[in-house]
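Trainee: Note that the protein sequences, when read in sequence, are chains V and W.
As numbered in the working numbering, residues 1 to 115 make up the first sequence, in order.
As numbered in the working numbering, residues 116 to 228 make up the second sequence, in order.
Since no wrong hints were added, every one of them can be taken at face value.
Label-pair distances were calculated between CB atoms; the ranges are:
hint: 1; chain 1: V; residue 1: Pro61; chain 2: W; residue 2: Arg209; range: 21 to 27 Å
hint: 2; chain 1: V; residue 1: Lys78; chain 2: W; residue 2: Pro129; range: 43 to 49 Å
hint: 3; chain 1: W; residue 1: Gly169; chain 2: V; residue 2: Gly59; range: 26 to 32 Å
hint: 4; chain 1: V; residue 1: Gly16; chain 2: W; residue 2: Gln195; range: 45 to 51 Å
hint: 5; chain 1: W; residue 1: Glu118; chain 2: V; residue 2: Tyr18; range: 27 to 33 Å
hint: 6; chain 1: V; residue 1: Thr13; chain 2: W; residue 2: Lys157; range: 21 to 27 Å
hint: 7; chain 1: W; residue 1: Asp173; chain 2: V; residue 2: Gly16; range: 43 to 49 Å
hint: 8; chain 1: V; residue 1: Arg81; chain 2: W; residue 2: Pro228; range: 47 to 53 Å
hint: 9; chain 1: W; residue 1: Asn137; chain 2: V; residue 2: Pro61; range: 26 to 32 Å
Calculated directly from the structure, the hints in this document are not laboratory data.
For each residue, glycine too, the CB sits at the ideal point set by N, CA and C.
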Amino acid sequence: GAGVSQTPSNKVTEKGKYVELRCDPISGHTALYWYRQSLGQGPEFLIYFQGTGAADDSGLPNDRFFAVRPEGSVSTLKIQRTERGDSAVYLCASSLGLAGANEQFFGPGTRLTVL
Amino acid sequence: QKEVEQDPGPLSVPEGAIVSLNCTYSNSAFQYFMWYRQYSRKGPELLMYTYSSGNKEDGRFTAQVDKSSKYISLFIRDSQPSDSATYLCAMSGRGSTLGRLYFGRGTQLTVWP
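The shape of chain V in the complex, shown without the other chains:
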């Protein structure tokens, strides 16, 4: 595909459940980023990968959140024991190299609702 894709586009779950959100970056992009956007707010950084390793995970709010990128392409954001406060749009982005000098291309997001 031409752009960053994210699945599912919408996810409704119950409090306490486990969810996985998937991101397919643009082919050839080595850097991958996860952000969370709450209603009426700008995206907030969660974690980014350079290749397979997490280069900066300082934005993950607590140990219920975890992300992997085992082969340096697709990434999965995992949330355990979901809480109502986790409801937000989760955005994934990718770039050719580290952002700043390189443009981050965003996917459409996964809208997570925790009931």
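Given chain V, work out where chain W should sit, using these hints.
Mentor: Just chain W now, with coordinates in the frame of chain V:
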């Protein structure tokens, strides 16, 4: 205090108006400055990118960065209804700010015909 401050608006202008959007920031490590446009239920898309201080023009859009004041602006000339969206400022830099983007909360703009 957040590292990037942006007035959320909303801002409503008639077609053809000049729009001015602004952000302030506190971290002097920021050196890459961006404006993203986000339509409803879509991901942000890059509109303008500026490195360090100065001006950059692209069609109807002009981005300005004043690092001495820690202030960035986006001007939209001859605004069109299709410009109606949320505009997000974002920045990145060196050291601990490398790689990740720091966003403002976004300004919601409506251009009415």
